[in-house]
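Participant: This is what each chain is made of:
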Amino acid sequence: MSQSPTPERQIWMFTQMLRIRAFEESVKRAFTEHPGVIRGHTHLADGAEASIVGSLSHFREGDAALATYRCHGYPLVLGSDPKAMMAEIFGRADGLCKGLGGSMHLTDVKRGFLGTSGIVGAGIPHAAGVAWALQIRKKGNVVLSFFGDGAAKQGAFHETLNIASLWKLPVVFVMENNGYNVVTTTVQEDANAAAGEPLAVKAKAYAMPGVTVDGNDPLAVHAAVGDAIERARAGKGPTLVESKVYRLSAHGNIIAPPGVPLHYPEHEAIAVFGKREEYEAALRGDPVPRFRGILVKSGALSAAMADDLAAGIAKEMQEAVAFAVKSPFPKLESALEYNYA
Amino acid sequence: MSQSPTPERQIWMFTQMLRIRAFEESVKRAFTEHPGVIRGHTHLADGAEASIVGSLSHFREGDAALATYRCHGYPLVLGSDPKAMMAEIFGRADGLCKGLGGSMHLTDVKRGFLGTSGIVGAGIPHAAGVAWALQIRKKGNVVLSFFGDGAAKQGAFHETLNIASLWKLPVVFVMENNGYNVVTTTVQEDANAAAGEPLAVKAKAYAMPGVTVDGNDPLAVHAAVGDAIERARAGKGPTLVESKVYRLSAHGNIIAPPGVPLHYPEHEAIAVFGKREEYEAALRGDPVPRFRGILVKSGALSAAMADDLAAGIAKEMQEAVAFAVKSPFPKLESALEYNYA
Amino acid sequence: MANMPYIAAVDAGIHQEMRRDPSVLYFGQNLATTENHAFVAAYGADRVRVTPISETAEIGIAIGAAMSGLRPVVELYMAEFMLVAMDQVVNEAPRFRYMSGGQVKVPIVLKAGYGFTAGWAGQHTGSLTALFMGVPGLKVVVPSTAADAKGLMATAIRDDNPVVYLHHYMLTLEHGEVPDGEHLVPFGKAEIRRAGGDVTIVATGWMVPRSLAAAELLAKEGIHAEVIDPRTVSPLDLETILKSIDKTGRVVLVDQAPRHASVTAMIAADIAEHRFKSLKAPIIQVTAADTTIPYSEPLEAHVIPDEARIAAAVRQVLK
Amino acid sequence: MANMPYIAAVDAGIHQEMRRDPSVLYFGQNLATTENHAFVAAYGADRVRVTPISETAEIGIAIGAAMSGLRPVVELYMAEFMLVAMDQVVNEAPRFRYMSGGQVKVPIVLKAGYGFTAGWAGQHTGSLTALFMGVPGLKVVVPSTAADAKGLMATAIRDDNPVVYLHHYMLTLEHGEVPDGEHLVPFGKAEIRRAGGDVTIVATGWMVPRSLAAAELLAKEGIHAEVIDPRTVSPLDLETILKSIDKTGRVVLVDQAPRHASVTAMIAADIAEHRFKSLKAPIIQVTAADTTIPYSEPLEAHVIPDEARIAAAVRQVLK
Ligand SMILES: Cc1ncc(C[n+]2csc(CCOP(=O)(O)OP(=O)(O)O)c2C)c(N)n1
Ligand SMILES: Cc1ncc(C[n+]2csc(CCOP(=O)(O)OP(=O)(O)O)c2C)c(N)n1
Ligand SMILES: [Mg+2]
Ligand SMILES: [Mg+2]
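So the protein lines, in turn, are chains A, B, C and D. 1 is the number of the first residue of the first sequence in the numbering used here; add one for each residue after it. 342 is the number of the first residue of the second sequence in the numbering used here; add one for each residue after it. 683 is the number of the first residue of the third sequence in the numbering used here; add one for each residue after it. 1002 is the number of the first residue of the fourth sequence in the numbering used here; add one for each residue after it.
None of these hints come from the bench; they were simulated from the model. Treat the hints with care, as some may be off.
[Stated by the list, open to error] Straight-line Cα separation of at most 25 Å, PhoX-like style, residue types lysine-lysine; simulated pairs:
{"#": "1", "chain 1": "A", "residue 1": "K204", "chain 2": "B", "residue 2": "K479"}
{"#": "2", "chain 1": "D", "residue 1": "K1106", "chain 2": "C", "residue 2": "K962"}
{"#": "3", "chain 1": "B", "residue 1": "K479", "chain 2": "C", "residue 2": "K787"}
{"#": "4", "chain 1": "D", "residue 1": "K1244", "chain 2": "C", "residue 2": "K1001"}
{"#": "5", "chain 1": "C", "residue 1": "K962", "chain 2": "D", "residue 2": "K1221"}
{"#": "6", "chain 1": "C", "residue 1": "K925", "chain 2": "D", "residue 2": "K1278"}
Excised from the complex, chain A in its bound form:
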């Protein structure tokens, strides 16, 4: 059993949750405050903060994480510079990926965030491949593979989990089940969900442990993923962790050709299904204020300290946006620079 984090560590966790939320809110605001600077399709992690931080709080030197297009939270927790992240999202020369990748493909290899695929499910085998390398190196390192509930319906998920289990690869599959694949609810597309079963049941097809955890509780996620990581580091193989979260923003900004100003629509629960109550219940369960309440109640954090934290983080993110807006566009030649090593 992995130990519960110290009060200091819990404050660190809360801080990271605040930073993710503040970063994503800055990105969202940029659509209106800086029209046109963000292009294509941007996906936010607000609502998944507890799950992301609880999972990454076990991260060690030499560990690795890979994720999807919904990738802003992870590198932020792992230490990437929000300035460089925002500059990447704005397509600027100072971007984490020199402006070539954009919002969907944040990558920071130095910090163990090896990259993302924008193709659903495609990044899952990449994580297993990294795990194979770590298994060969025998340093007790692990890989965290983050993906969504919908991705579990891609062949890549199935093929990879079978091999990972067979080879006892040091990888933890963290499925962020936010109940939606864009505008499709999980019960509409998943046979287990339709039968009222947790998605973690899928682990049985791979003779692998499968656990479901409240992804709004960073300590519960810390414990569940912690156990899975211990297991992986010990050479006992992978685990499937279903972390139940709620996406607080729409799937992504509206999809439109150039000329149409991009923005964030209302969440699909309201805009498509007219289930305002579902969405408001989710807001009431918002992991950020919830954890703040727990920490303040436990005395680990005073309300004043919490407010200071938030204020400092708000400033950090404002600076990130200011930096990104000022950062120049990359040189045109750089468009042809990185196709081949």
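Chain A is already provided as a structure; the job is to place chains B, C and D with the ligands on it using the hints.
Facilitator: Just chains B, C and D with the ligands now, kept in the frame of chain A:
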């Protein structure tokens, strides 16, 4: 519960098993008796007779079956002319598919055998698609989807079983688990098998019933697949049936470029793993003599009747080979005829 | 005639056929998740269904349904998403009729958008038409106007073969006049978008308006370009292209794909074999740079053919 | 020098690199299932593993391992089997370096055979080279001799980029002299298999020996053909081809694929743009018929280019 077949029906089942065995032995002999007439890669069903016949003995007008490159048994049971089948395997104008498809792609739409894919797993969604059409037509028809244990590791298997369960499609997934994917044993490539679990466990990932049956016992297969078919006809959705069989020939003939005479090597258990005992045990469990023994013991069939049956079938298959050898090659122009409808 | 956006015309084509033929199905991800969805409301849940994110199964299921006499249209959103199911697209759907000696037909339509060079970066911006163009048994259509979007969709649905229907994301909201009522556009008939006698420009999809803009530019210089839009690349109406070249003797081919992944290379090779004698100048291709598409706006614009580059190529073949 | 079959030379190339570099992995289906397997015996189970039938995971795992500093060689057997994992091949492996702004490398080798027109019928006989050729970030090699099979494999393994290594099944047992010890063949350097001044023939894989046989035939008629084997189609050594055309003024391109799925169309288009002035005759392609490959032997032979058709095309460009 599906009823056990009448004695007459059991004799019909035994007859079909004998026909499959005799057909496959004729194909195998053709490699030496008619060198060069069979090209490419041919896969035999010997050892799976009980499973094939037990599964197809419920077939009704309007039902459909789809399979893989290992496809000789099914159309034979469904009434295809062995002459046309053999002619196809010899690449002749009188072939079931006019010589265009060959051994891996036998198709007889009139008899409900809609075709095969030579790509592992690829035919599984095709069967589900046929099932959707039958579901829309509401005539209580079902589809049988035949594939191997190895195919369960393809993404197509995973994606299709989830949708089939979600949509309650009238399809039965019959996995012929013969313990091998070419020269790889199931425990070497399947996480459930490696954990000592039946492959039918995979059904849990799709909230679908999964059963394992002795594929060497035609009556057991008849019962298991019968229940699944009843369920499907009743609109209750698909079932995964794991039918445990043993492939009595090698995976296929040797793979070699033109010039090298093709032939059938020894079974991989002996040729690769040196496990002669495993193979001999399989021979002792051969479903054909085993069912003959049961029928003779029960008095349903006399030894003499059984021998007459076998003799008649031997003649039927000799005639098929004689017909196929004499059948002309297709006209060259026909090579371009069927690319587009 | 009604004036509507390109994307509405695509839907109009599907509606036209679903209304007249109950065997037409429409399914895919993220559609029909509520009863208010236009298609499920009109045609019911038997014919219109949402799927999980399972392209291999989606396309494979379409193949099976088609072999059973139905006419599925699969909504795939982006051409790249077909890559996870490429075997079904190029090695299953187009093979079954042939391998069965003509016993089955596989009338499916695989509908996908492409070429979304609007900040979608490396994995969602491809122009993959050439991957499908040469596959025997497949047909490939690339509408560039609202009218063709409707008419080619309707023809695709009625066609008895697998059809890859590629609509261009950059044209999504381009409005155009679309014939009311039944409208069908034949496969294998190129459209001359602009007549001219000095040079032939061949382009598809979004490159058609860019080529027309270049032609406009050139007209001011007294250069009269003929702009041809093949509309379907399989079957390809080579005849119309060759006839134009017999007249102009000069040709520029425009493609949004990298050079060795382009449809224009296929056309250039055909021209070089069949019209060598008519040619007065090299066959020049204007294609994307050989690169993954960058996210950053100026870089993205830098690697994609624009009217200036097209016009420059025309001036070059006229030298 | 050792005389060995083409397929043994492929293995020799893998052995050469696995011996010198512990970061090289070799894995895939149906290999190393007993300890007697040559590779697992030599390099151990950490580096040599059998996989389930899961190409998407196999190639995806290779990508991840490569991003972590290893050099995986994936055994895929037949090019068609890559189609179920096409996204990993064309939209993952070649994208990561670019999208990360150069932070990662993806040195993988995807080894697959192709073109097995020996009765393998519709789904196992494809010549799919053109599907990979134009993908930015990928390299594509097509050895036609035993020596190149070894040397190109070694170079592919040392290359820091994803390489699709396509060996030709019809050449499996063709013997050839292979240099002992370390042998590397550079990418992007075509080989002139036969020198001649009258006409240039360009061919890859199995079409190389067939083109040489045609050249032999033509020599008896006093026609001297130069036969060029690009050996790698990405990068493509256009220079050597163009130089030859400057000399001969005539070119025939031979490809086992259907015309609009051919590598030769890409080359023809490049020639038509860059050497229009040197050409004295149309650029003729000799390709497979536009059809799924039939099973029956005479029909199969009928649709694939042979020396007679190649020779006829040469005579035509010399008219
Ligand atoms: C193979 C593939 N199919 C479809 C898409 C389009 N798409 C992008 S995100 C997405 C939803 C994914 O849902 P989920 O896995 O639950 O992740 P979430 O977005 O909810 O975090 C879809 C369908 C894609 N990118 N790749
Ligand atoms: C996608 C794909 N990968 C690999 C192959 C090569 N292959 C043909 S049959 C076969 C073994 C299949 O094993 P299984 O599913 O158990 O069926 P069996 O042959 O045992 O009946 C393999 C790997 C293929 N045809 N398709
Ligand atoms: Mg989700
Ligand atoms: Mg098997």
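Participant: Each hint needs a verdict: does it hold in this structure or not?
Facilitator: Going through the hints against the structure:
At roughly 34 Å between alpha-carbon atoms, A:K204 and B:K479 are farther apart than 25 Å, so this suggested pair is violated. A distance of roughly 45 Å separates the Cα atoms of D:K1106 and C:K962; the hinted pair therefore is violated under the 25 Å criterion. Proposed proximity of B:K479 and C:K787 is supported: the alpha carbons are some 22 Å apart, at most 25 Å. About 24 Å separates the Cα atoms of D:K1244 and C:K1001, which keeps this hinted pair within 25 Å; it holds.
Taking the CA atoms of C:K962 and D:K1221, the gap is near 35 Å; set against the 25 Å cutoff, the hint is violated. Distance hint between C:K925 and D:K1278 is fulfilled; the C-alpha atoms sit about 22 Å from each other, no more than 25 Å.
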